[in-house]
Structure formats: C-alpha cells, structure tokens
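Number of protein chains: 6
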Amino acid sequence: MPLAHVYVWKGFSDQAKKKTIAGITKVFEELGIPPHAVEVIIHEIPKDDWGIGGEQACERFKDMQPP
Amino acid sequence: MPLAHVYVWKGFSDQAKKKTIAGITKVFEELGIPPHAVEVIIHEIPKDDWGIGGEQACERFKDMQPP
Amino acid sequence: MPLAHVYVWKGFSDQAKKKTIAGITKVFEELGIPPHAVEVIIHEIPKDDWGIGGEQACERFKDMQPP
Amino acid sequence: MPLAHVYVWKGFSDQAKKKTIAGITKVFEELGIPPHAVEVIIHEIPKDDWGIGGEQACERFKDMQPP
Amino acid sequence: MPLAHVYVWKGFSDQAKKKTIAGITKVFEELGIPPHAVEVIIHEIPKDDWGIGGEQACERFKDMQPP
Amino acid sequence: MPLAHVYVWKGFSDQAKKKTIAGITKVFEELGIPPHAVEVIIHEIPKDDWGIGGEQACERFKDMQPP
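Chains as they are written, first to last, in my numbering: chain A, 206 to 272; chain B, 206 to 272; chain C, 206 to 272; chain D, 206 to 272; chain E, 206 to 272; chain F, 206 to 272.
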C-alpha cells in the first residue's frame, strides 16, 4: 500500500505516464512511505467512453487532448 | 460526484454508450443533482476476460452479444 | 453484465439508493438487457475522502449534501 | 456476489485466464457460495501503465512476462 | 502484480477473509507467480448498497448471509 | 478527467488525506491540466481486508501504521 488507479483519456503520452507514476509515488514518499510500496495503475479511457454532464467527452470536449 | 464506472462486454455500440451516459446522468438529475456533476466511465471488457460461474463469458454465453 | 460501481458522498439516503439501483437497471433494460443481469454497487465516500481541485469536498462544498 | 476485479499485466494467456476464473470461483465455492453467483473480471494492463516504486513495470521488470 | 479487488456483502467473516486471501494467492502461485507479488483487497458492501435486478440485495436476498 | 482512486490502510490521517489530494492534483497540474478537472477519491481499507503474499496485512505488517 498505497495503491492508486488513475483514469485518464486515451492518448496520454509516455512522458505523461512516467511523470504521473513518479509524481504520485513522491507524494506518498513525502508522507514517509517507502517508494517500493507504492503502486500506480494508469487506465486510458477512450473519450467516447467517458461521459460528463450526460454527453461523451469526445463531443463535449472535442478540442481537448490529454497531455 | 456522483461517479459511475460501468463495465460491459466489448462491442457495446456507440448508440448504447450514448444512451447509457445520458440515462445514468438523468437518474441522478431526478435526485436533484446537476447534470454537469455526473461522470460516467464505460469500460468494455472482452468476453474472454469476464468469468461467470467459473467459465469465460465467451463460452458460457457464446451466442449473446452486447447491445 | 452489465455492472456499475457508483461512487457518491456518504449520507446518500435509502430512497436515493433505491432510485439509483432501479433507475440504472432500467437504463440497461431499455437497451434490451434482462434486468436480472444488471448489478449496481453503491459506494458511499465520506466528503473528507473526496478531493476536487486539490481540496476535500467537505471544505470545497461545505454546504452541499447528498440526496 | 462475490465479484472480483483482477488486474494483471497485458499478455496474460488464455490458459492463465481460464485458470484464474476457475480457481477464484472455486475459492468462493469452498466457502459455501454457489459458483453461478461468482463473477471474475480480468483487466489486462500494459506494463507501461503499471508503476511500482516510481517506475514503469516495463523498465523495472524488463525481463518478466505474465504467465 | 497481480492485484485483485474482491467485493463481498458486509459481514464476511474473518475466517472467510483469510481463506479468500490465501486461496486467491494460491491460484496465482500455481501459475508461477511468487506469492509476495499478489495483493488481494476485500471490500465489504452493505446489502442495501448492492443492487441486483433493480432491487437492493437486502430485499431480494433477505435470508442470505455471507460466509 | 483525470480521476484517481487511492487505496490506503484505515487510519490514514486527515493531514495525510489533505496532502494526498493536493499532491496528486499538483502532479496533473504540472502536466498542464487545470486543477478543477482533477478528482481524487481515497478509500481507507482495514488492514484485515488487505492481503499481501497470502496473509492479512494486520498480521504480516503488524507494527506498521499508515501516516
């Protein structure tokens, strides 16, 4: 422990994944948890499959892209 | 809030996704929650990866397809 | 299938739970899925444990209550 | 009930999936639960998306493969 | 890896938890995975919060108890 | 998006929750995502319900406490 499941839009770059994993691990390290105990699982979700306000993100946020 | 993670068999159509997102959002709207606060994330799961009664759904429900 | 995990703020009333379960089940029934195949699991999350915009919901949405 | 979401590295073989589904179902059967009530959902996660100790599993466990 | 999130009805006994954790770990061990790499997280869900077929499990399965 | 479900041992302090929420939000902010779009949900799991290596964490890590 701890374990984080992170859900992002599909297209999240490898660079963004590396920074997410390293960054979240560091958040817990600063709380005194040894880094080897931290797991982060990233789930890429197509914008068609993510609904906000009743609409697919591919329509509502047509022009936004993940980092 | 609220947030719904919905798991369905792979092959769920775009039309079914739209209806799922709109429909679940409306369920919460009828409880007095503003629609923009509702998130619905759909996860398509291959039938090989979904087990029921000890068997893969691709065997147990060979002839069933998602809507 | 399908299966929905629904996350709401702690304090969600029994009436709201009943309507959430019945309503989401009906959304899938209207897609042609038999109701007995639909599962809905509600998770009540204390507002202290739900962060939005970097803050706990108990601070950011001090005056809001779940239905 | 019960329901198990199982997260493994991408590349988990069909044989391993079958054994995971059958095996977990049997664990619950031995507790007196009828097998038809047990659901197991397997999620294959690319090693790039699974972080341990601040690093992607594709780097930290370069030579390990799922069964 | 692997990681299993297991959802059961509230009231699951300590004995059942021990057997679930040991049993699922053994399923993966038989696939060649070292036991120390297996994590199992059990989530106890009140029967009021688990809907099947549009109804709460506390109504639909009034007389059933978890092991 | 993004959304993070964080699983920790029960007893995680309010201070640790605040730092987890603020810290994870900042990780995404540094990737160019506006903070109001980031949600973090913390799930406290009793050590009896978290299995590692086939044993409950309350036995295997008897003397460890969450921050």
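Errors might be hidden in some of the hints.
The list treats identical chains as interchangeable, and a pair is accepted whether it falls inside one copy or across any two copies.
Only pairs whose alpha carbons sit at most 30 Å apart, straight line, appear in this in silico DSSO-like list of lysine-lysine [to be verified]: (1) K231 to K252; (2) K267 to K231; (3) K215 to K252.
Derived by calculation from the structure, the hints in this document are not laboratory data.
- Message: Within a copy, between copies, both or neither: which one fits K231 and K252 at a CA-CA cutoff of 30 Å?
- Response: both (29 Å within a copy, 20 Å between copies)
- Query: When no copy is specified for K215 and K252, does a C-alpha distance of 30 Å or less occur within a copy, between copies, both, or neither?
  - Reply: both (7 Å within a copy, 16 Å between copies)
- Could you figure out if K267 and K231 sit no more than 30 Å apart (CA to CA) within one copy, between two copies, both or neither? between (33 Å within a copy, 22 Å between copies)
Of the numbered hints listed earlier, not one is contradicted by the structure.
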